[in-house]
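S.K.: Take a look at the letters that make up each chain.
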Amino acid sequence: MPILSIENLSVRTRKFKPASLLEDISFVLNPGETLAVIGESGAGKSTICRAILGILPKSLEIRGCMNYNHSEIEISIGNWDDDRQFTPLRGSEIALIFQDAAGSMNPLRKCGNQIRDIMKTADNHTSITKQSILDFLSQTGFREPDTIYRSYPHQLSGGMAQHVALALALAGQPKILIADEPTSSLDAISKQKYLDRLAIMKKKYDLSLIFITHNLNDALSLSDSILVLYRGRAVEFRKTADLKTSPKHPYTGDLLNLLRSVNQSRMPDEMAENFPVGGNHDSGCPYCQKCSRATALCGKTFPPKTIIEQPYYFCCNYPLEKK
Amino acid sequence: MIPFLKNSLIRGIIRRLLSTILTLWVGITICFFIIRLAPGDPTTRFLTPTQSTQTRDILRTRFGLDQPLPNQYFHWLARVGLHLDFGYSFLSGKSCASIMTSALKPTAFLTGTALIIALLLGISTGALAAINTGRLTDRILRSIMMVFLSVPAFWLGLIFIGFFSIKLGWLPSAQIRSLYYDQLSPLKQWLDTGKHLILPVLTLGLPLSANIYKYFRAEMINTLQSDFILAARARGINKSRIIWQYGLKNSLLPVISLIGIVIPALLSGALIIEVLFALPGIGRTMVTAVFSRDYPLIMAGVSLSFLVVVSCNLLADIVCLVIDPRAQNNSGKII
Amino acid sequence: MKISANHPLAIGCIIIFFIALFVIFGPLFTSYSQHSQNLAISLSSPSIQHPLGTDYYGRDVLTRLIYGGRISLGIAVFSAIIAVLIGTVLGLFTGYYGGFPDLIIMRFVDVMLAFPRLFIVLLIIGLGGSSIPALIWVIALFSWMEIARIVRSEVMSLKNRTYVKSARAQGFSVNRILFRHILPNTINPVIVATVLSISTIILVESGLSFLGLGVQPPNASWGSILNDAKIDPLGTWWLSVPAGFLILFSVIGFNLIADGITEELDPRKN
Amino acid sequence: MEQKDKNRPILSVSNLTIDYAFYRVGPFSAQHHAAVENVSFKVYPGDCFAIVGESGCGKTSILNAILGFVRPKNGAIFYNEQNLLTMARREFRLYRPEIQPVFQDFHNALNPRFRIIEILKESLRICSRKDISIEELIAVVGLGTDILNYFPHQLSGGQKQRIVIARALIPKPQLLLLDEPVSSLDITVAVQIIKLLKNLRKKENLTFLLVSHNLPIIRLLANRIAIMKNGHIFEEKPTEDLFETPEHPYTRALVNQALISCQSYQ
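Chains A, B, C and D are the protein sequences, given in the same order.
Sequential numbering of the first sequence, starting at 10, is according to my numbering.
Sequential numbering of the second sequence, starting at 989, is according to my numbering.
Sequential numbering of the third sequence, starting at 2, is according to my numbering.
Sequential numbering of the fourth sequence, starting at 501, is according to my numbering.
If you are wondering where the hints come from, they were derived from the structure by calculation, not from laboratory data.
Even for Gly, the Cβ is constructed at its ideal location relative to N, Cα and C.
Treat the hints with caution; some may be incorrect.
[To be verified] Reference excerpt, derived from the structure (chain C facing chain D, CB under 8 Å, subset only):
| # | residue |
| --- | --- |
| 1 | ARG162 |
| 2 | TYR164 |
| 3 | ALA170 |
| 4 | GLN171 |
| 5 | PHE173 |
Full structure from sequences and hints, please.
M.R.: What follows is the structure in structure tokens.
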């Protein structure tokens, strides 16, 4: 029984140029597992995590179903405009880590107080002592909880800010953690530290993780299942092990090939290079201009889901065969 | 370096203090030369056309106007700088300092109350509009405030006088106190002054509140759209806490520096209001002094108002420096 | 981007359009000269001959409003243009070159901003004598600072843009970089600031004239017409109300235009 | 100048120290912050020399110093054995066309008010290049003529970066300074640009000085790599040596990171 499932999620802009940010996204998250969402910048990764918590701007039109299914609580959301439905979820059931960690904290409030704000909300406004916050900080792996408690967000280095953001997310004791590109602004060493800490916390607090990234390497090494996005479309949703060995969508295949070449330090093979200029690719498969297998059909309509094994699927008319 | 200078807060304050003194000196110097280089002669007022140039020369010597301009400047600067002595008014012969002190009280009352009212009104309406962006409340407030923002203060005052003083006779239209002020009990004296100040304060405060409204609304919308508010929502912090503790508090900080900025506008406004309502404040004293070319009095008034503006700016800066944790220690990450 | 969808801009333009029509073509519809006095009909209330009554000297108020409007708006527009020119040039060069000159000029801007504007303009005009060119220049000389600041900060961010750096690396001349690559990209905030300064200058000028220090008789401006209404504002409503509304609406008009342009340029909108 | 002696460095930076002063209120209260300290390296003709380090380590400051945008506090930058720092402004201008930059920030690299054709035409005119047409130029970077009438904001990131490269080629440079040329691009596009750069280097006989934080991708292009941290360069080696025998602990960590990600996939 999945803890979270999203069905046919679409996000469109209402006013001005009506455009589609996300189109028909479905995936499930099993308890205790890690789901990686990968895609280029602008593929709609951040939109997904904001949609799950219902914090997208009101000017967007959101359609689809979401089911949150924890042992005691069961929430299904059909009407995304209703803020009240999301209130019980935020922070205490599902927590979100933003890409810009320092920017996601109140610049005028000490980190300790910000943690208190969240603990209070989660614990129904009981008073929280300083000691309990310090304890919590040392439990989440900080060696100097007191310094963290006293400092303002701008006083933290980039890596430390990410760790504090993680602590803020954990403060509500959520069941699901969504991490939106938490490592993209970190250098190699701090990134490794962060990922290690994330893994420890996941185990310690028994979390289910949605890990958003543009780095296929990270996605492959961390996750149990992967959702591949391309320009607002879910092109493939697979178990990580299956995706590694037999990608179905040409985009996934191309990504894996590129990764293999780069890792082996050799130039990748030629790719199709049809550079689209402007234009609206709302109807067809968004990858058709770069795809070596595309035909006229791909440009007209987006291919239907081909289900491999519930709930995993891919969307392509001419899928890659297993090697 | 001297140890206490290492504290970035104290260093910041000292730096601002020095630059404020510099600003003050440059500003007053500019005023001095503008006033003295303007055509016209203050002695003309004391002479009838029949009196000889000799009398004029005597007067000029007495006022110190026969000296070369740089000498006059340094003389004036030394006297003001060392003894805070602004000299004596040409016209009344009283000390400029005492004239200014008595004129300061009505002006301070007027501008202070107007500023407080403008801040209360501006911030509350601004916050209300920002929370309800795009809704009916926002649109109504926007139209009202657009009128307040654009209305010439003196015309608003004229209409107020016409309506509340002349037509309805509810409120006095001129002066700061009634003729029988001295016979009143202390409490009644306060009430009397208050009654006299209602119209001037409203006339000055309403247009100003529109400025503050406009600024605060934009500031708060900006804050409410920033990432940390979104993150706070995602973390489940409830809506009222987000609006008050996160949104309002974070938008209030820039308002402090705004206060420093609106002071010049407030003084300019007070000038017209004082003339219109015949309040014996600095503005009206200045207008009379300008008409009679009373140089020492003009300089005293200009210096005083400039001092007020500059020190308000300084104060606002320091308050920001003390309150805003980001203002200090910008480069040093502690962890 | 549809202009018609932007209400503030549309309403503002309509208001200014009608005021401009009134001021420019008004004289075609009145048969009086703005200066011709007739003491016999001093302060007469509106009638068919004088649609908006007469002032103390029996001059036709409507005619004086038309000619006064030309002066009020003329002063505002010319002052604003001069102020924008000064501010843009100073902001452009200080922003681009930076360093010590920039420091000095920006400190000077701080000093100028600390002057209560009406105070200091009144001082100079009061001592130096009032004429329309003097008003234009003095007001302009105390109005350029905001624009200089805006332009400077724009230029400072633009000069670090990659395209300016690339242009420098390819050996483009400083003039070409400044006037072809930087200036056109600062134009949006400058336009907004210009329109806003027109509206504030209208208020400054009318305030001065109201005090009797601005436009001098026999010329009129909207502010000096209001000065005549001081004694009995509601009793002689034909003196106070139309002139006040004309000032109010022209300021509202320009403010709305500025708001509208800002909204139109808001990156969040697109 | 046209001599291409393989043993004579085209660019030689020695003991470069760059130090930024922040002026707050007056000239008395400057705060200093050293971005680059005592950095030396040599780039030989035909090389692709890469400086790798995390953001804020001072690598971009070196490029800015070479381009004359920042005045270093100390040190010398020799271009073809001429010291760029001591020469007169007029003389420096003669060298400008020979060193061209390509920046990371392609969103702002093209003036938003001009069409692509106008941007390229202007550069062609200023650099007085008459021997090449715009069509030929954009063909070099693998674009079609249909792109010329668009404004920069209508193009994708990869297309913009190609236009930027085309523009950098206009003054016939000897040395191309590449500041994170692909790190804001998605990997599929990034690899295409790397490919383009590699081909260009051969075809146009260019020398590259490259700056980046992404070791795996840089490996595809660079033949020498210098590792930089906190303003210092502490290891400089041919690419393959660096991957085989990293010496400094920081280098080892960086290389391990790259290798770990390899293993996770294989």
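S.K.: What are the numbers of the hints that this structure violates, sorted from low to high?
M.R.: none
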